[in-house]
Amino acid sequence: MSEKDTGSVREELIKYFDGSERVAEIVDEEVPFPDGKLIVSRTNTKGIITHVNQAFVDMSAYSRDELIGANHNILRHPDMPAVAFKGLWDTIEGGEKWQGYVKNLRKDGRYYWVKATVIPNVREGKLVGYTSVRRKPSRSKIAESEALYVTLK
Amino acid sequence: MPFNFTVSPDFAPDHMSGWFYFNTWLQRNLGTDIHLELFDSFDEQREQIRAGKIDLIYANPYDASMLVREQGFKAVARPAGTRDEAVVVVPANSSVESVEDLMAGSRLATTADPDVHTIGMIMLEPADLDSSNISQREYDTYILVAKALLRGEADVGFFLKQGFDELSDLIKGQMRVLVSSQISVVHHALLVGPSLQDRFDDLSRMLVDMHTDEKGAGVLESMGLSRWEAMSVEQTEFMIDLIDTLTI
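The listed protein sequences derive, respectively, from chains A and B.
Residues in the first sequence are numbered from 1 upward in steps of one, following my numbering.
Residues in the second sequence are numbered from 1001 upward in steps of one, following my numbering.
Please keep in mind that the hints were generated in silico from the structure rather than gathered at the bench.
Virtual Cβ for every residue (Gly too), placed ideally from N, Cα, C.
Among the hints, erroneous ones may be present.
Now the in silico label distances, taken between C-beta atoms and shown as ranges [said to hold, decoys possible]:
#1 A/ASP65 with B/GLU1070: 30 to 40 angstroms
#2 B/HIS1015 with A/GLY69: 42 to 52 angstroms
#3 B/LEU1150 with A/GLY69: 48 to 58 angstroms
#4 B/SER1195 with A/GLU96: 47 to 57 angstroms
#5 A/ARG139 with B/GLU1070: 37 to 47 angstroms
#6 A/GLU21 with B/ILE1143: 51 to 61 angstroms
#7 A/ASP18 with B/GLU1221: 51 to 61 angstroms
In silico DSSO-like pairs for lysine-lysine, Cα to Cα no more than 27 angstroms straight-line [claimed, not checked]:
#8 A/LYS46 with A/LYS15
#9 A/LYS86 with A/LYS126
#10 B/LYS1172 with A/LYS97
#11 B/LYS1074 with A/LYS126
Just chain A, with the same shape it has in the complex:
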């Protein structure tokens, strides 16, 4: 848990890139990334989740059934600037790997930080989707990212 967490609860409107939106309950309380684990998911080319591992289910607080078929932006935290995700999509749609630090939103409104790597899945020369693997970030990288993302909002 971050020392800056207040535990406060607020409701916030989250607007997605595709024009959809939802009101989410946001709780200012961090859930620590589990030591030694990787959070793994795969999506199709549109960002729809096709595979999640157990660590993903545990950390997101959603059930596997709720996640499969959902858009990956179900995890998007309102503190994340839209420009960060634009950079991600521009990179992976260009066939390149993307790596960055992301604050994710859990179903219960709490959050967790990850160091995320996303790579395009190419089969027989054709892009079929993306694999995303998240690992535990250092506190210093989280602090740097928090400071940067505030300026990009």
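Add chain B to chain A, keeping to what the hints say.
Frame of chain A, contents of chain B only:
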């Protein structure tokens, strides 16, 4: 000309004879000559792979990536129930209680095993440690990594989890595990090179049924395996994608 078979150099020394029994079993059941060549180092083995001199290999997941994507190998089977996990270990009397307590300048004892090293380095990232701010020394075996820790020549060491678990209780008791990976989807696999792929289906059938035959089951036991599982192209590609994310 016999086909050439090799095994990733990170196999447990106790199972070396098992791989020779397996080679004999393969030759009898496939009805073809196969020569088993074991290498002391990963680099030496990779040279032979790149020179196109290997037809069948029990590969670690890191090398599997290169073999499949660059050399046209196909995964035929994986050992059931075994996964490659790494542990980060300190001497029992170390003041370090968690990975985050490790400081820049720490001395790391590691091996040339690419998976264990890669996963180990990822587990040091929460402490802001990478190859630029630690000093690392590579040892030939996990026993030597343990010795370096016990002699005070290293502050932290990486082990294949299975390799650590197989150390004697006396040695293990003088060390402490800081963190253990729980990745679950990274494992060794038996890969078939282009020259042997016309026997792929025969090989796949034989391996999947191997444990049901008395002789086959005995050979598997001597290799420290319970049975083989068939591996699909997509399972292989998924594992390689995952390894790719860990190497940047």
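Which hint numbers doesn't this structure obey?
Numbers 4 and 10 - these are the hints that the structure violates, sorted from lowest upward.
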